[in-house]
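Model the full structure from these sequences, guided by the hints.
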Amino acid sequence: MSDQESEPTSAPNKNKQSVGEIILEEIIAPPRSANRWRRLFQAALIPFLAILTGLLMGAILIVVTSPEVFAGFRESFLAGLRAVWRSVAVAYGALLTGAFGTPQEIVAAFRSGELPRIYQAIYPITESLVAAAPYIFAGLSVALGFRTGLFNIGAEGQIFLGAIFSVFVGYSLKGLPMIVHLPLAFLAGAVGGGLWGFIPGWLKARTGAHEVINTIMLNYIAFRLSDWLLTGPMKRPGSANPVSPMIEPSAMLPTFFGSPVRLHLGFIIALLVAWLIHWYLFKTRWGFNLRTVGANPSAAKYAGINVLNGMVVAMSLAGALAGLAGANEVLGVNRHLAMAFSSGYGFDAIALALLGNSQPLGVVLASLLFGALRNGATKMQLVADIPIDIISIVQAFVLVFVAAPAIIRAIYRLRKPPEAEEAVVAASWGGK
Amino acid sequence: MAATASAFHREIEYISPTRQRVMGVIFLLIGFAIWYLFARPLESGVMTKFGMTPGGVKAVVPDLVLPSLTTINLLVALCGILGVIQLARKGGFKRSTNLVLGVTAGFFVIGFLTYAAAGKSFNLAGLMHSTLLKAVPLTLGALAGVLSERAGVVNIAIEGMMLSAAMTACIIASVTKNLWLGMLAGILTGAFYGVVHGVLSIKYKVNQIISGTAINIFSTGITSYVSAKFLQPIQELNSSGTFKPISIPLLSEIPVIGPMLFKNNVYVYAMFVFLVMLHIGLFYTRWGLRLRSVGEHPKAADTLGINVFRTRYMAVLLGAMMAGFAGSYFTLGSVGRFDEVMTAGRGFISLAAMIFGNWMPFGSFGAGLLFGFADSLASKLAILGVQIPSQFLLMAPYVITMIVLAGVVGRGQMPAADGTPYEKEST
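Chains A and B supply the protein sequences, listed in that same order.
The opening residue of the first sequence carries number 1 in this note's numbering; numbering runs sequentially from there.
The opening residue of the second sequence carries number 1001 in this note's numbering; numbering runs sequentially from there.
Among the hints, a few may not be true.
[What the hints assert, rightly or not] Quick list of in silico lysine to aspartate or glutamate cross-link-like pairs, DMTMM-like style, CA-CA up to 25 Å:
hint : chain 1 : residue 1 : chain 2 : residue 2
1    : B       : 1203      : B       : 1063
2    : B       : 1229      : A       : 75
3    : B       : 1229      : B       : 1340
4    : B       : 1203      : B       : 1340
5    : B       : 1205      : B       : 1423
6    : B       : 1380      : A       : 227
7    : B       : 1229      : A       : 68
8    : B       : 1424      : B       : 1302
9    : B       : 1229      : A       : 227
10   : B       : 1380      : B       : 1063
11   : B       : 1203      : B       : 1302
12   : A       : 379       : A       : 105
13   : B       : 1299      : B       : 1423
14   : A       : 379       : B       : 1340
Read the hints as simulated data drawn from the structure, not as lab findings.
Here's what the structure looks like:
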C-alpha cells in the first residue's frame, strides 16, 4: 500500500513542485501551438464542410433543373455526364469570377497601370466586400443575441428601422459639414435599430414575453411602417415609385476608388465594429456579464448580475448593430431608401452567427464568404441563366448543416469531438 | 402546484381594483373616442346605407339604412354605460372584463364604419364575406401551429410550408388539369417539410426556431427559383384555375348569412370541419390528451408509456400537412396562379392568430376572423375614401399579438414544454 502510494507522489517532489503549482502552470501557460491549431481546425471543420455540402446541394439543383442535362442524357450517358459537368462548371465558374474577378485580368490591369482598367478588374472583388458589410453588422447582431441567450430573429426589421432613421437624417438635414452629418446619419441608424431591439428586450424583461415572437411581429410592423413612410410622408416629391429622396452628399459614406468601384467606408467601419464587439464581449466586465447571462441565467443572478437589465441591453445593442447594417446600405450603396433594399440580410444573419460560432471574427469570415456568394450569384444569373435565389437555397442548407453538425458528421463519417462544443444557442419559446 | 399558482394569479388579475379602474376608464375613453372621432364631424340627418348581400348575389335583403349620427351616439352611450358599470359595480365585470373590452372595441369599429360610410352606401355583407375568405388561410395556418405546438414543437415554418405548397399545388393542378390532385400535392409538400422539421428538431435536436427559419429561407429560395426558371417562361405550368363555389341547398337560401357562409368553395367548408374535428380531437379524445401531455410535460408522458418522439413526429407531420393545405388555398382557392412570395407573411399572421387564440382551435378561428377583417378593411379603405393609411390596419395583427403576449389583456397559456426538445434519459 505504502509502496504504491509513494511512487506517484515522488515524481512531483523531485521537481520540488506542489500540485497547486502544476495546476497553476497549466492555467497560466499559453496553449501549445500544435494543440491550438488542432482546435482551430476542429472548430473550422464543421462550418467548412457545411458550406461545401451546401454548394454541392446547389450544384445538384442546377443540374436537375437544366434542360441541357436532360437533352444530353437523352443523347447518350456520356453526353449527359458532360452536360452535367458543363452546367455546373459554367455556373460556379461565373460565381467565382463574379465574386473575385479573373486573376489574369487583374494582373494585366495592374501591369498596364491604367486606373480605369484596374478599377474594372478589381470591381468584382470590391463588390463582394460591399455585399459583405451589411452581413457583418447583421451577423454581429444575431451573434450578440446568441451570446446573451437571446434569439434575435428581428434583425430584418431592425435593419429597416435603421435605414429609415438614417435616410431621414441623411436627406432632411441640409447644409451640415460632412464631419457632422455623416456620423449623425450613421448613428441615427443605430438608434433606430436599437429602438426596435429595445422593445422586445424590454418586453421580455418586464413581462416575460418571448423575444422570438415579438421580433417576428416587429419585423412585419417595420415592413408596413416603411411601406407607409415611402408612399406617404417620406416619398420623394415628383417620383412615381415609393422611394425616399436622395440623401445629401454630406451624409454619403465616402468611397475609396473611382467609379465603378463602390467600396466605401462602411466596410472598414464594419470591421472596426466587429473588433469592438469582440473587445466588449470578451475583454470587458459588461461583456462578461452578458455572456454569463447567456450561459446560465440563474448562476448570473446569484452572482449579482442584473439579468433583466442584461437582456434589455443585449437586445438594444443587437438592434443597434442591425440598424447599422441598414444605415450602411442607405448611406453607402443606395443613397436612398426603397422597399426592396434589404434582401433578407436579417434572416441570413442567423446562418452567419451560427457559422461563426457567435464569435465576431467568425462572423466576419462567414460574412465575407456570404458577400462573395451573393455578389457572384449576380454574374451567375447573367452568364448561366440561373436565378439568384439559388443563393438562398444554398444558405438554407448551410444553416441546417451548421445547426445540426450530427448530419455533417454522419455524411463525412467524422468522429464526435471529445468535448461537445456545439454552438451557443438560445432556448425556443416556452422552454426557459 | 403550478395550476393552483396560476389560478391564484388569475384571481388577483380579475379582482385587482387597479385593473378594474383602468379598464373602466378605457371603456369610457373608447366611448369618448367614438364621439370625438366619428360623431363630432357628422351633421345630423345623414344616412348610412349598408348593403347586406355580398357581391354576385341578387339582392333579396333590403339595404340596412341607419341614421349615422343617432347610431354613433347610441354606441357612445352604450360605451359610457359599460364604463360606468365597470367603475361603479364592485369588481366591475369581473371575469367578463376582457369580453366587454372586446365588445367596446367592436363598437368602435361599427362606429368607424358608420362614420366612414355616412351619406354613402357600403356593402357590409361584402366586407364580411371577404373577411371570412381572408380568414381561411390564416385559420388553417393557425390550426397547423396549434397541432404542432400543442405537442411541444414550435413551428415558425408555416410561412415557408404554405408558400411551397401553394406552388406545387398550382403546378400539379396545371399539369394534370385536376384541382384535387393539386390539393394533394400541396398537402404532400407540407408533409415533406414536416418530416424535415421533425427530423431536425426532434431527432437532431436542432433549435426549432433555426430549423423553421431554414425551411422559410429554403422555401422562399426554391419557389422564386422555380418561378423564375419555369413558371414565368412556361405559362401552361402556372394556370391552375380555382375551385368553384358550391351552394349548399336550403342553407344558402338563408338571407344575409346564407350566401356568406354556405356558398363557398371547398376550403371554407374544410376549415369549419377541421376546426370542429381538431377541437374535439384535442380536448375530448385520448389521442388529444396524449398529444397535449407530450407538449405539457413530456417526461411524465414518457413515464406513463406514451411514445414522446412518435407523438411529436405525428403532430408535426399533421400540422405541416395542414399548413400545406392552407398553402394550396392561395393558388387553388383564391388566385388561380402562383406569384413569387405570394403568401406575403400570412404564415406569420397565422402564428400570431394561434398565439392570440391562446393555442385553441376556436380561439385561432376568432383571431383569424379578426385579422382577416383588418386585412379586408384595409383594402376597402380606398373605396370609403378614408384618410387612414391601409398599412396601419395591416399592422394591427402584429401589434395586437404583442399586446396580448405582454399580458396587458390576460395572459395566454402556452404549452409548457413548447419549444424544448425532449431528451430521453438513458437507462
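Verification of the supplied hints:
1. A distance of roughly 59 Å separates the Cα atoms of residue 1203 of chain B and residue 1063 of chain B; the hinted pair therefore is violated under the 25 Å criterion.
2. A hinted pair counts as satisfied when its Cα atoms are at most 25 Å apart, and residue 1229 of chain B with residue 75 of chain A qualifies at roughly 23 Å.
3. As the CA atoms of residue 1229 of chain B and residue 1340 of chain B are separated by approximately 12 Å, the hinted pair is consistent with the 25 Å bound.
4. Of the pairs offered as hints, the one joining residue 1203 of chain B and residue 1340 of chain B is violated, with about 32 Å between alpha carbons and a cut-off of 25 Å exceeded.
5. Between residue 1205 of chain B and residue 1423 of chain B, the direct Cα distance comes to roughly 9 Å. Compliance with the 25 Å bound is thereby established for this hinted pair.
6. Restraint check for residue 1380 of chain B and residue 227 of chain A: satisfied, since their Cα atoms lie roughly 18 Å apart, inside the 25 Å limit.
7. Taking the CA atoms of residue 1229 of chain B and residue 68 of chain A, the gap is about 13 Å. The hint holds against a cut of 25 Å.
8. In summary, the hint linking residue 1424 of chain B to residue 1302 of chain B is supported, as the alpha carbons are separated by about 8 Å, within the 25 Å threshold.
9. For the hint pairing residue 1229 of chain B with residue 227 of chain A, the CA-to-CA distance comes to about 29 Å; that exceeds 25 Å, so the pair is violated.
10. Between residue 1380 of chain B and residue 1063 of chain B the alpha-carbon distance is near 18 Å, which keeps this suggested pair within the 25 Å criterion.
11. A C-alpha spacing of about 16 Å is found between residue 1203 of chain B and residue 1302 of chain B, which places the hinted pair at or below 25 Å, so the restraint holds.
12. Between the alpha carbons of residue 379 of chain A and residue 105 of chain A the distance comes to roughly 16 Å, so the proposed pair stays at or under 25 Å and holds.
13. Taken as a hint, the residue 1299 of chain B and residue 1423 of chain B pair is honoured in the structure, with Cα atoms around 9 Å apart against an allowance of 25 Å.
14. Restraint check for residue 379 of chain A and residue 1340 of chain B: the C-alpha separation of about 22 Å stays at or below 25 Å, so the hint holds.
Hint violations for this structure: numbers 1, 4, 9, all remaining hints satisfied.
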